[in-house]
Structures are given as C-alpha cells and as structure tokens.
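Use the sequences and the hints to build the structure in full.
Protein sequence lines, in the order shown, are assigned to chains U and S.
For the first sequence, numbering that gives the first Met the number 0 gives the first residue as 0, with consecutive numbering after it.
For the second sequence, numbering that gives the first Met the number 0 gives the first residue as 0, with consecutive numbering after it.
Think of the hints as simulated: they come from the structure by calculation, not from any bench.
Don't take each hint at face value.
[Unchecked claim] With a cut-off of at most 30 Å between alpha-carbon atoms, the simulated DSS-like pairs for lysine-lysine come out as follows:
no.: 1; chain 1: U; residue 1: Lys-69; chain 2: U; residue 2: Lys-54
no.: 2; chain 1: S; residue 1: Lys-55; chain 2: U; residue 2: Lys-370
no.: 3; chain 1: S; residue 1: Lys-12; chain 2: S; residue 2: Lys-27
no.: 4; chain 1: U; residue 1: Lys-269; chain 2: U; residue 2: Lys-370
no.: 5; chain 1: U; residue 1: Lys-112; chain 2: U; residue 2: Lys-248
no.: 6; chain 1: S; residue 1: Lys-27; chain 2: U; residue 2: Lys-99
no.: 7; chain 1: U; residue 1: Lys-99; chain 2: S; residue 2: Lys-23
no.: 8; chain 1: U; residue 1: Lys-262; chain 2: U; residue 2: Lys-280
no.: 9; chain 1: U; residue 1: Lys-112; chain 2: U; residue 2: Lys-28
no.: 10; chain 1: U; residue 1: Lys-99; chain 2: U; residue 2: Lys-111
no.: 11; chain 1: U; residue 1: Lys-111; chain 2: U; residue 2: Lys-58
no.: 12; chain 1: U; residue 1: Lys-248; chain 2: S; residue 2: Lys-55
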Amino acid sequence: MTKTPEFLPIRELGPLLRTKEVSPVELAKFFLDRLEADGPKYNALVTVTRERALKEARKAEAEISQGQYKGALHGIPYGVKDLIATAGDIPTTWGAVPFKNQILDYDATIVKKLSNSGAVLIGKLAMIELAGGMGYAYPQASATGPAITPWGNKDSWTGGSSSGSGAAVAAGLVPFAIGSETWGSILMPAHNCGISGLRPTYGRVSRYGAMPLSWTLDKLGPMCLTADDCGLVLNEIAGRDPYDHTTSKSSFEYDDQDSSGRKFKFALLKDMVVNGEEAVKVNFGESLKILEQIGTIEEVEFPDLPYEAATRTILNAESASIFEDFFDSGQFHELSGDISKFGAYSRLAVPATDYLRALRIRDRICNVADKLLGNYDAIIGTPRNQVATLISQPIRVSSITGLARDILGSVGNIAGLPSVAVPNGFGDRGLPTGIQFMGNAHGENSILAAARAYQGITDWHNQHPSD
Amino acid sequence: MGEDNERNAEIEKRFNFLEARFSKQLDKEEMAEVLKGVESTVDISIAMRNFDLTYKDEPRSVFHPYDKEEKS
Numbered sequence: 000m001t002k003t004p005e006f007l008p009i010r011e012l013g014p015l016l017r018t019k020e021v022s023p024v025e026l027a028k029f030f031l032d033r034l035e036a037d038g039p040k041y042n043a044l045v046t047v048t049r050e051r052a053l054k055e056a057r058k059a060e061a062e063i064s065q066g067q068y069k070g071a072l073h074g075i076p077y078g079v080k081d082l083i084a085t086a087g088d089i090p091t092t093w094g095a096v097p098f099k100n101q102i103l104d105y106d107a108t109i110v111k112k113l114s115n116s117g118a119v120l121i122g123k124l125a126m127i128e129l130a131g132g133m134g135y136a137y138p139q140a141s142a143t144g145p146a147i148t149p150w151g152n153k154d155s156w157t158g159g160s161s162s163g164s165g166a167a168v169a170a171g172l173v174p175f176a177i178g179s180e181t182w183g184s185i186l187m188p189a190h191n192c193g194i195s196g197l198r199p200t201y202g203r204v205s206r207y208g209a210m211p212l213s214w215t216l217d218k219l220g221p222m223c224l225t226a227d228d229c230g231l232v233l234n235e236i237a238g239r240d241p242y243d244h245t246t247s248k249s250s251f252e253y254d255d256q257d258s259s260g261r262k263f264k265f266a267l268l269k270d271m272v273v274n275g276e277e278a279v280k281v282n283f284g285e286s287l288k289i290l291e292q293i294g295t296i297e298e299v300e301f302p303d304l305p306y307e308a309a310t311r312t313i314l315n316a317e318s319a320s321i322f323e324d325f326f327d328s329g330q331f332h333e334l335s336g337d338i339s340k341f342g343a344y345s346r347l348a349v350p351a352t353d354y355l356r357a358l359r360i361r362d363r364i365c366n367v368a369d370k371l372l373g374n375y376d377a378i379i380g381t382p383r384n385q386v387a388t389l390i391s392q393p394i395r396v397s398s399i400t401g402l403a404r405d406i407l408g409s410v411g412n413i414a415g416l417p418s419v420a421v422p423n424g425f426g427d428r429g430l431p432t433g434i435q436f437m438g439n440a441h442g443e444n445s446i447l448a449a450a451r452a453y454q455g456i457t458d459w460h461n462q463h464p465s466d
Numbered sequence: 000m001g002e003d004n005e006r007n008a009e010i011e012k013r014f015n016f017l018e019a020r021f022s023k024q025l026d027k028e029e030m031a032e033v034l035k036g037v038e039s040t041v042d043i044s045i046a047m048r049n050f051d052l053t054y055k056d057e058p059r060s061v062f063h064p065y066d067k068e069e070k071s
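This is how it looks when you write it as structure tokens:
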C-alpha cells in the first residue's frame, strides 16, 4: 500500500482488502488507534468498541482469506452516531447525560445489516443531546462537549446533530459513519466538516433501534468522504424491515455506473443564496458554472406554503409525545443545553388539531414537490448559507438575515426526500462550504450520479484537514 | 388588534396549562423560557392556520391496518 489509509474512500479501501494487500484486523487497529487518540480532540467520540471491532475484523479476515468476499464494505471500519442501539454492554447514550449509562441489549437493524455486510464497528460517535430535538442555542448541548470541525483553527462547530460522525469522517478517524437527520442533522455537519452526507428517502433505511425524535421525520444515512461511498453504504443499509413498518417496499440497488457524459437536468431554487455569506455565494456560483458543463439549470420557485411551520409542528408534536415521560421525570434539568432548552416544554401544549393540520399540509407539500421535482434529476442548493460558527458562539448568531427560512430543508424533510451534500470550496477562517443535490422520493441514484459527476470534475472532496 | 388579542389569549391558555403541570418542577426563570416557547409555537400555529385547506385535504397518515405478511 503506497498511501496511508486514513483518507482513502471505501471505493479504494475495498480492493486492498479483497486482494489481501491490507488485512481487516490491521485496518481496524489502524482506525481504532486513530479514533481513540484523536476522537477526544474534536469531542467526536463517545465509546470505542475495540473488543467488538477486533472480533468482527477477525471474522472478516477469515472470510476473505477463504475467498468469501461479501462486497464493498467487507472489512471496512465505521462508526455510528450514539443514538443507534448496539448489543454487548456498549452504552447508547443518545448524547445526553441522563442516558449516559443506558445499555440496550440489541443491535439496531442498520448495525445488523452492516455487520452482515462484513463492516467493522469501531466506535459510537458524539451527537447533540437527544439529536437536538429539544432545541439548543449552543454547541455545548452534548454530553461530550461541543464537537469541533477538523478544519480551520479547530475552534469551530461541526454542526449538528450528527456532530461526531461529521468530525470523525473529516479527520480520517473512520472511513464512514452513520448519522441521522430529522431536519438538517446529516447535511449540516457534512457541510461544516467538508464531507459527503446522504439523507436517504424517508423509509429507505430502517429506524429500528435508533432513538426516535419524530417518527415521521427521522432518517438514518451515511456520511462519507465521497458521494460514491454514500451509495456503496446505502446499498447495504437500505431495505424493508419487519421491525419498522414505515420502511419502503420499493427496493434499492446502487447504480454506480459512470455518470460522466450524462446530461443532467437541474432545478435551482430562486434566490437560494441571496442571504448567504459572500464565500458561500461565490462558491455556489462557481459550482453552477461546473454544473453547466454536465447539464442544464432552470430556476424554479416553490409556491407559497407554510413549509417550515408544518415541519416544525410535526417535529414538536411527535417529539413531545416521545419524550413526555422524560419531561415529567424532571431529568430534563440534567441536559447540557443552556436555559433556552426549557422552551421545549411548550410542545406539550400543541393542539392535536394543529398536528393534524400539519399532516394535511404535508400532503399538499408532497404533491407540490413531486410535481416540481419530477421534471429534474435534482434541485440544487446550499446545505447552509454560512460556514461553521465558532464553538463559543450561539449557533444561530449571524450577520445574515432571513436564515429562519429553510425551504429546501423543510420541504426535503417533511416530504421525506433524499439529498446529498458535498463540499464545494472554502470560506471564512478556512472553513468548508457545500452544495446539495435534492431529488424526488426514491431518487437516490439520480442525485448520487449528479454528485459523482460533480466530484468527478472537482477536487474539494480530495482535500483533507491537517492534524 | 383582534388578531393580537386572539394570539395573546391562546398564549395565555397554553401557558396556564403548562404552568399548572410543571410549575413545581420549573423555577421562574425556566418558566419564562417555557413562555417564550409557547409564543413561538403559537406563531407557528397561526402561520399554518392562515393557509387554507379544504375538506379534500386529508392528513398524510402513518396508519396501516395490521398486516400479518408484513411481520413474517
């Protein structure tokens, strides 16, 4: 092996394992040591699962040496956001002090699937407490402290709530990680950490064994070095699960054929970056020039609907029901967030008619999105209109106005649409910026093809932070 | 003015409900944050109610009747 493996994508690590140039045990030890040494530096780590990892790596090694190669993830180490259940006396803390000793004695379906694919679980990764579902004003709202993006001066936030997943992939501590998104929690850390993150279609990946925050908004998805790697991981984790009745009956097979030469049809949301930071605007403009080389771009506008209000109401009502006993228990005080967290109690007074109104508006939004996006391979936009904030800053502090509007984020999540975010440059303080490709429901192959084509003619995904 | 009164009445109603339930658990400062949360959720409700729906608009529901095959 000529290169060290910390920044090799799965696409390149796989053949090294298959041809026995690298052994799964050797690779697991390499990443275990990195994760253990550098994970705490970024507040990215909750638990190193060394014993389990070495057991899984030895199994993979034996299988590969007997010629039983299982595919792209066989022998590849990975980490999961610590809201995903793992068996074997490994805590599942949900990122929150009141749950720091919680042991769930089973593997989530996603972990089982990855295990069946021969992947090697090396750690549980940090997150904003309770996936940020109680609201938070500072990155400190995590049992492991504010997670730090490996870029810039090591003083800026990873984004949340899949914070540790973002930092660990960006810093080369794991080849890939699993994150979760209810509203922004994969795309935002992918943007702040300069990596590729895929939010799959709602129901594409089983939620069984993942902490629920909002039953009808939660999605699990991969966070990787490249969009192509996201497809490789999705191929293994997607599928119907009898333990999660919301999983889709439509099957998924990753189509990884060369997308160069393909002409894409992109939609561009009107005024997407009008309120963005200057570097975000410049980088997005450059991205558009690149995308014009591989397709057409048409400006579109969503009709005026209460996208954010409906999404927020669903999130508020469902999370209130899920955590009602927790509110009653008084343990809320043990959370790490600042005093503004108590605002979450207000969700317990959202009327049922409002929740149902939001679900009725959701139906309208699904139809609007289907009609609009059906004509395109993807709608393009930015995951965020600013680079990562300092960890000492409130997360919503910004000189930019209008950030409260998040049409792509709210439409994408309330309608359960897939989106992949990839890096597209750098802004203030040497921090990364990104671009997202959002598609129609079950349109992962289209958006991944577009993101792969973009990464085929750009180099941002090959740039990595220094130690 | 009428709209403001309605908004304030709804905020008061929701807050009173929460105060009755949680005032033993939360101090004055914490209850003030609850009030801010109530103001925000009421504004969200108003934004939704300002959008007209018809009798044809059904909720995109998650309910499915039990399916034995699904569990097999």
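Okay, the hints, checked on the actual structure:
1. Lys-69(U) - Lys-54(U): 17 Å, holds
2. Lys-55(S) - Lys-370(U): 18 Å, holds
3. Lys-12(S) - Lys-27(S): 18 Å, holds
4. Lys-269(U) - Lys-370(U): Holds. Lys-269(U) to Lys-370(U) sits at ~17 Å (cutoff 30 Å).
5. Lys-112(U) - Lys-248(U): 17 Å, holds
6. Lys-27(S) - Lys-99(U): Roughly 28 Å separates the two Cα atoms, so the pair holds.
7. Lys-99(U) - Lys-23(S): This hinted pair holds, its Cα atoms lying about 26 Å apart.
8. Lys-262(U) - Lys-280(U): Measuring from Cα to Cα gives roughly 24 Å; hence the hint holds.
9. Lys-112(U) - Lys-28(U): Cα-Cα ~22 Å, so holds.
10. Lys-99(U) - Lys-111(U): Distance ~23 Å between Lys-99(U) and Lys-111(U) Cα, so the pair holds.
11. Lys-111(U) - Lys-58(U): 15 Å, holds
12. Lys-248(U) - Lys-55(S): Satisfied, since the Cα-Cα distance of roughly 27 Å is no more than 30 Å.
The structure agrees with every numbered hint stated previously.
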